[in-house]
Structures are given as C-alpha cells and as structure tokens.
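Undergrad: Take a look at the letters that make up each chain.
Number of protein chains: 2
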Amino acid sequence: MNDKLEIIKRKAVQIFSEEDLDRKINSDKKLTIKLGADPSRPDLHIGHSVVLRVLKQFQDMGHEVVFVVGDFTGMIGDPSGKNKTRPALTFEQTRKSAETYLEQATKILDKNKTRIAFNSEWLSKMNFADVIKLTSKYTVARIMERDDFKNRFENNLPLSMHELLYPLMQGHDSVELKADIEIGGTDQTFNLLVGRELQKDYGQESQVVMTFPLLVGLDGKEKMSKSLDNYIGLTDSPFEKFEKSMKIPDVVLRQYFELATDLSTDEIDKIMSGDIREAHMLFAKELLKMYDDVNEFESIKERYINIAKGEIPDNVEEVKIDKKEINICDLLVEIGFASSKSEAKRMILGNGVKVDGEVITDINKVITIAEGKVVQFGKNRFKKIF
Amino acid sequence: MNDKLEIIKRKAVQIFSEEDLDRKINSDKKLTIKLGADPSRPDLHIGHSVVLRVLKQFQDMGHEVVFVVGDFTGMIGDPSGKNKTRPALTFEQTRKSAETYLEQATKILDKNKTRIAFNSEWLSKMNFADVIKLTSKYTVARIMERDDFKNRFENNLPLSMHELLYPLMQGHDSVELKADIEIGGTDQTFNLLVGRELQKDYGQESQVVMTFPLLVGLDGKEKMSKSLDNYIGLTDSPFEKFEKSMKIPDVVLRQYFELATDLSTDEIDKIMSGDIREAHMLFAKELLKMYDDVNEFESIKERYINIAKGEIPDNVEEVKIDKKEINICDLLVEIGFASSKSEAKRMILGNGVKVDGEVITDINKVITIAEGKVVQFGKNRFKKIF
Numbered sequence: 243m244n245d246k247l248e249i250i251k252r253k254a255v256q257i258f259s260e261e262d263l264d265r266k267i268n269s270d271k272k273l274t275i276k277l278g279a280d281p282s283r284p285d286l287h288i289g290h291s292v293v294l295r296v297l298k299q300f301q302d303m304g305h306e307v308v309f310v311v312g313d314f315t316g317m318i319g320d321p322s323g324k325n326k327t328r329p330a331l332t333f334e335q336t337r338k339s340a341e342t343y344l345e346q347a348t349k350i351l352d353k354n355k356t357r358i359a360f361n362s363e364w365l366s367k368m369n370f371a372d373v374i375k376l377t378s379k380y381t382v383a384r385i386m387e388r389d390d391f392k393n394r395f396e397n398n399l400p401l402s403m404h405e406l407l408y409p410l411m412q413g414h415d416s417v418e419l420k421a422d423i424e425i426g427g428t429d430q431t432f433n434l435l436v437g438r439e440l441q442k443d444y445g446q447e448s449q450v451v452m453t454f455p456l457l458v459g460l461d462g463k464e465k466m467s468k469s470l471d472n473y474i475g476l477t478d479s480p481f482e483k484f485e486k487s488m489k490i491p492d493v494v495l496r497q498y499f500e501l502a503t504d505l506s507t508d509e510i511d512k513i514m515s516g517d518i519r520e521a522h523m524l525f526a527k528e529l530l531k532m533y534d535d536v537n538e539f540e541s542i543k544e545r546y547i548n549i550a551k552g553e554i555p556d557n558v559e560e561v562k563i564d565k566k567e568i569n570i571c572d573l574l575v576e577i578g579f580a581s582s583k584s585e586a587k588r589m590i591l592g593n594g595v596k597v598d599g600e601v602i603t604d605i606n607k608v609i610t611i612a613e614g615k616v617v618q619f620g621k622n623r624f625k626k627i628f
Numbered sequence: 243m244n245d246k247l248e249i250i251k252r253k254a255v256q257i258f259s260e261e262d263l264d265r266k267i268n269s270d271k272k273l274t275i276k277l278g279a280d281p282s283r284p285d286l287h288i289g290h291s292v293v294l295r296v297l298k299q300f301q302d303m304g305h306e307v308v309f310v311v312g313d314f315t316g317m318i319g320d321p322s323g324k325n326k327t328r329p330a331l332t333f334e335q336t337r338k339s340a341e342t343y344l345e346q347a348t349k350i351l352d353k354n355k356t357r358i359a360f361n362s363e364w365l366s367k368m369n370f371a372d373v374i375k376l377t378s379k380y381t382v383a384r385i386m387e388r389d390d391f392k393n394r395f396e397n398n399l400p401l402s403m404h405e406l407l408y409p410l411m412q413g414h415d416s417v418e419l420k421a422d423i424e425i426g427g428t429d430q431t432f433n434l435l436v437g438r439e440l441q442k443d444y445g446q447e448s449q450v451v452m453t454f455p456l457l458v459g460l461d462g463k464e465k466m467s468k469s470l471d472n473y474i475g476l477t478d479s480p481f482e483k484f485e486k487s488m489k490i491p492d493v494v495l496r497q498y499f500e501l502a503t504d505l506s507t508d509e510i511d512k513i514m515s516g517d518i519r520e521a522h523m524l525f526a527k528e529l530l531k532m533y534d535d536v537n538e539f540e541s542i543k544e545r546y547i548n549i550a551k552g553e554i555p556d557n558v559e560e561v562k563i564d565k566k567e568i569n570i571c572d573l574l575v576e577i578g579f580a581s582s583k584s585e586a587k588r589m590i591l592g593n594g595v596k597v598d599g600e601v602i603t604d605i606n607k608v609i610t611i612a613e614g615k616v617v618q619f620g621k622n623r624f625k626k627i628f
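Chains A and B are the protein sequences, given in the same order.
According to the numbering used here, numbering within the first sequence proceeds without interruption in unit steps and concludes at 628.
According to the numbering used here, numbering within the second sequence proceeds without interruption in unit steps and concludes at 628.
Extracted from the complex, chain A is given alone in its bound form:
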C-alpha cells in the first residue's frame, strides 16, 4: 500500500499538500478521487494514461474514481463564438462521448471502482442568485493569477468575462462531489486549486490537489493532443501503436518510458543504453502489453520492417468485389480506404494510391478485378481484391 503511494508521489510534480494526502490516505475512509474529462475530446491517448495509471493505483488502494464530464460547458459551447474548435454539443453527444471515454479508460482502470458524473446535473440547476453566491467566494485578483488570463489581460488580447467563470464551475464540481483528491496535468494546476479553495469556502475539507507531467507529443514539442495529431491513441490498432512508437523523437523516448509505462528506472536505463531503434520497438511492445495483445508483437514488427523496405506485407486483408470492372474511386470506397467518392478523388490526386505497385493518377481509371490484385494507400494500407 505504501509502495503504491510512493509510486504516485514519485510521478507527481506538485502535491497540495503532502501532509493532507498522508492524513487522508491513513484515515481508512474510502476516498473520492476526481478527474475532469472533456466531452468534446473523447479520444484518449497515452498522454492521458499518465493520470489514469495514477488513478489505478488509488483504486488498488481501495478508493473510488469519479470522472466528471464537463457536459454543462460542453453543451453551451463557446458563446462568444471566438473559439471555433468548441462547437456546442447535444445532450446525446455528451452521453455518447462519456461512454466512449469510460470504455477507453477502463483499459487501465477497474470499472467497478469507477463512476461517471455529469456536471450539468448540478450546474444546470443553478440560477443567477446561485452564480452570484459562487462568484462572491472568489476575488478578481485570485482568478487573474491564472497565467493565460493574466497574459491576455496584460497584453490586451481578447478575454471574455464568461471565461473567468469556467474555473469556478470546475471548482464547484469538487464541492458537489465532496472530492477528497483531485488529480490532473500540470496545465490544470490553477483550476484544481480553485476547487481546493472553494470547498473551504463552502465549509468542506479541502481536496488534495496532485499534478502530473504532461507527455509531449510525437512532434517532440507540443503537449500530446488529438487536435495536433501528435498522439498515440489508446484505441489505435496495434500496428498503429507500433508505427507511431517508431516516430517518437529519440530525445523524448526516455520520458515516454517513464510516464507511459510501468517499467522501473533500472529497466529503462538498460533499454535506453542499447540500440535506439530497438528501444522504440520495446516501447511499442510495452504498449501492446498494456492495451492489446503482446503476442501480436513479433508479426507486427515483421510487417513494419517489410513495409519500411517497400515490400507488400504478408497477411494483407482480402476483399471480395462482386463486379468484373470498377471505377477506381468506387473501389476505394468499397474497400473502406475512402468514406466518399470525393475523398477517394483527393487520395488519387495526391498520388497516394497504387494498384499492384503502379501509381494511379486518373480518377476515371477502370480497374479489372483479378484474384490477388493489391490496392495500396500511402505507405502502409493494403487490401487484396478478388
């Protein structure tokens, strides 16, 4: 038990406060551990796994994890219309994305010790007077300590008043849930501390706040995120996981091992002192071990190496086409490479499509169906048709 706590503490960047944490852990109470989930981004990647694996440790110690889905703000979207990446979601969308979220998260977590809460449950019931009460608990000076608020305010960049309310909502979630501990990435430190402070203002014991490092993306620069397409998704196929692992910049590979796997420091040292290409493959192997089937590792590795050499891999999926001849665009849709004819056209015009090794440039090209004919898109997508 203390070992688990030590692992958690070692990974944490900051703890507010370690004394409170020790006291709560030793209290024999079943603790409520809160993690916020953004319903507009339901796809989890190994960046998320850093905190998820901390949560798992807490579950192993007997505590309960609550994912708070921020569906209330999700449904409002961005009323200022400035943030176009935040369209308003419907009730159904938020429920569906919460389901997707849970499904992925339980690749790591114990489903029986995990529950989902939607913050619209309490926030949608609050009226203007309740909002005034909530906002009266917080000073402008304290909210403006948040770096991005401060920078935008001081540099005359747009900052709408409603944005100041979001950290308070998130903090109010902790009050509603009577959270004992809230964890998150270091970029969430400010928001998590708001919850800690608000609980005190509402007469509760303050939650312990623990922050963990953010995993850098495959570009080696930005935080891993789906929108930057620099991520390894938990639901990526084993082959995708392998392929993406090979793309991790060498200089950050150690960090990936430290944050996203369970290997000990000794094991990581040993791997990193060997061949770097081999080290990438071993990282992929760890991912398959955790999220998929490690038995697939050798065949995936072989396939990857073949493709890298420019060869058509073994075991390419076969698709039956019930025609003698077919337009290339229709064919791409039929075998699932394109979702529409217009997408298929773009793929061809980008010179990404080959049939039996020959690049197709004519979008009206008619393909004769023949046993074993190989259709290829990009470097690593293959289908055999018959």
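Honestly, the hints are just simulated from the structure, not real lab data.
Note that beta-carbon positions come from the ideal geometry of N, C-alpha and C, so glycine has one too.
Incorrect hints may appear among the rest.
Calculated cross-link-like contacts (lysine-lysine; reagent style DSS-like; alpha-carbon spacing at most 27 Å) [what the hints assert, rightly or not]:
hint, chain 1, residue 1, chain 2, residue 2
1, B, Lys-512, B, Lys-531
2, B, Lys-375, A, Lys-375
3, A, Lys-621, A, Lys-489
4, A, Lys-392, B, Lys-512
With beta-carbon atoms standing in for the labels, derived distance ranges [stated by the list, open to error]:
hint, chain 1, residue 1, chain 2, residue 2, range
5, A, Leu-399, B, Ile-518, 52 to 60 Å
6, A, Ser-469, B, Lys-271, 44 to 52 Å
7, B, Ile-518, A, Glu-387, 54 to 62 Å
8, A, Glu-261, B, Arg-588, 54 to 62 Å
9, A, Leu-399, B, Glu-509, 53 to 61 Å
Could you slot chain B onto chain A? The hints should help.
TA: Using the frame of chain A, we list chain B on its own:
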C-alpha cells in the same frame, strides 16, 4: 419642446451621443426613459431631484419614465458579507420601498407617465447558461475600465468576482426594457454605458446615455446621501427644509440653486449678489414652492429666527395631559418626543431636555402639569402642556 430639450442638454454633463438623442426625440416615437432606483435607499432627497426634474421634462415632451428597482440584487444583499450597509431585503421590503420611492418621486413626476419595473422579474429567471451567455458579451478589459474596479484591482484591495456581474445586470435591464434613453448621475456613467453596449450585442438599438451632476451634501464635501446624513429629504418637513437650507455651505449655495431649482441663471445671479443669509432663505422658499406649501414660508422663517435667538417660538403645539403629575420620562413619551422610556432617559442624560427653560438632569423628576408649561428638546422642538 425644443426649449425643454435645451434645458435638459444644458444640465447634462455628458451625452452618448447627442446625435442619437436628437434623432430619437425627433422620431415621434413615445420613448422609454430609464432610471435605476436602489431599493435599499428609498428616501429621496434633493440630490435625486436633479435627474427627476430632467425626467419630468421628458414626460412633458410625451415620453414614459420607467424606474427600474434593483430588487434582485437587493434581495441577494452582499453575499461576500463585506458590505454591512447592504443587508438582504425581503420581497415585501423591496415592494414597500418601491411604493415609498414612487410616492416621493411623484412630488416631481407625472404619475400617469411613470411606471415601476422590478428587475427580479427577468433576472431571477436566468440560469447559469444565460449568465454565461450574458458574460460572454463583455470582455474583462472593458469591465476593468471602471475606475473603482481598476483602482481596487491595481492596489490589491478586495474585489470579489460577483461585483463584476452587477454592471452587466444593470445593463441587461436596459435590454429587457428596450430602453431608449437612460439617465443617471455622473457616478453611474460606466454602468449606463454597459447597457448601451449590451443592447447592441443583443441586436437592439443602443440607448442614449445622459449623465447629470451630483449634488454635494450639506457638508460641502461628499455626495448628498442619507447614509452620510448630509441631505435635504423631499419628505422633510417644511421647517426641516428651511433649517437645513440655512446650513448649506455658502460656497456651494449657487450650485444648489442651479441643480435643485428651476430658477434661471439671471435670477440666481441676482440672489447670490445679495445678502448670503437671505439667499439661503430664498433657497428654502424655492423648496417649499416645489414640494410643500410656499404660504408657510413666512411663519417658518419667523419661527426659525426666534429659535436662533434662543426664544420660544409662537404657535407651539399644545398637548393635553390627563394627570396632575407625571414622571419626566413618561411625559416625553406622551408628547411624542421619545418613542420609549429608555429613549427618553437617553435624551435627559444627554442634557437635551428643558422644562420652562430649565435643563432636566434627573430621570425620576416629577413634573406638575400646569397651563402653558413648555417642554423643549434640543434647539427647536417645543410642546406646551396643559
């Protein structure tokens, strides 16, 4: 009609914008003129009369006046608990104070062209999502331009987040009422402009904002207000109005004439070039003319002069006491000088009570009732008993 507009314009400190004002006035539309009323301070004084008399001019031009009673915020009070002069009011209190307000205001205004609106009607129906929509219309930079917010923020003085919401509420009132013009004291400029901006954001034509000077109080320093006890109330008795007029500092008397009476500049010049004590009395005469009965002026003046000389005035009210002897405290209650025996005691112990010119110091003193005996409290309250 243009004369009335000219009088209004001459008194205004700022107009946003004069062009809009002229256009609206010339549109033949019956305009809605908004004035905010604070339900926690229902006692009107001649400081309020400055804008009330402007409103009367608008009414004479055919427009309608709406008093918006800020009962919503009034009922919330100050949730931060910092402002002890702002206790939460009940629904009944806000209604009663609105009634009191209207009763006093119609000493100046035409009751048939005046209506009262309570902002709880719409603000209490707003939920958190509505608040977010409202706050999304306004940037932090713009709200922080308000002087007192800016100063408190920059000087690290307490400023709670809910305070930033108040100007938006007041502005939202203009949206709800579709106000054409809002008027107020110069101290309200910022808040009135919020309404002007919000209306535009909600797709309405922006209200014209007009601000008027604040009348300085009898102390010659602070803005006139009941809480500072430096005011001449619209419902003060004619004698109180006279007495307080005599206390106006000489240096601000011209300003009182300009802002609180209808006299022309020529008339004011003439009065101010004469005897200053006489000028104070003429100011009192104007007040009686507007709010009471000017016929009382001469007798009040005479009484005032007698008291100033230390004499007992003529025409002191007589009260019949159905006893031969009475305790002094009971007597003070009986004749209405004190509302309780304990108050009577305090009056005596403060050496403020005289009987036939003799100061009473013994709270157990027994007074023999006799025709024409004079009881006096302070300098100017007298009753004859028999």
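Undergrad: Could you check the structure against the hints above and give me the numbers of any it violates, in ascending order?
TA: 4
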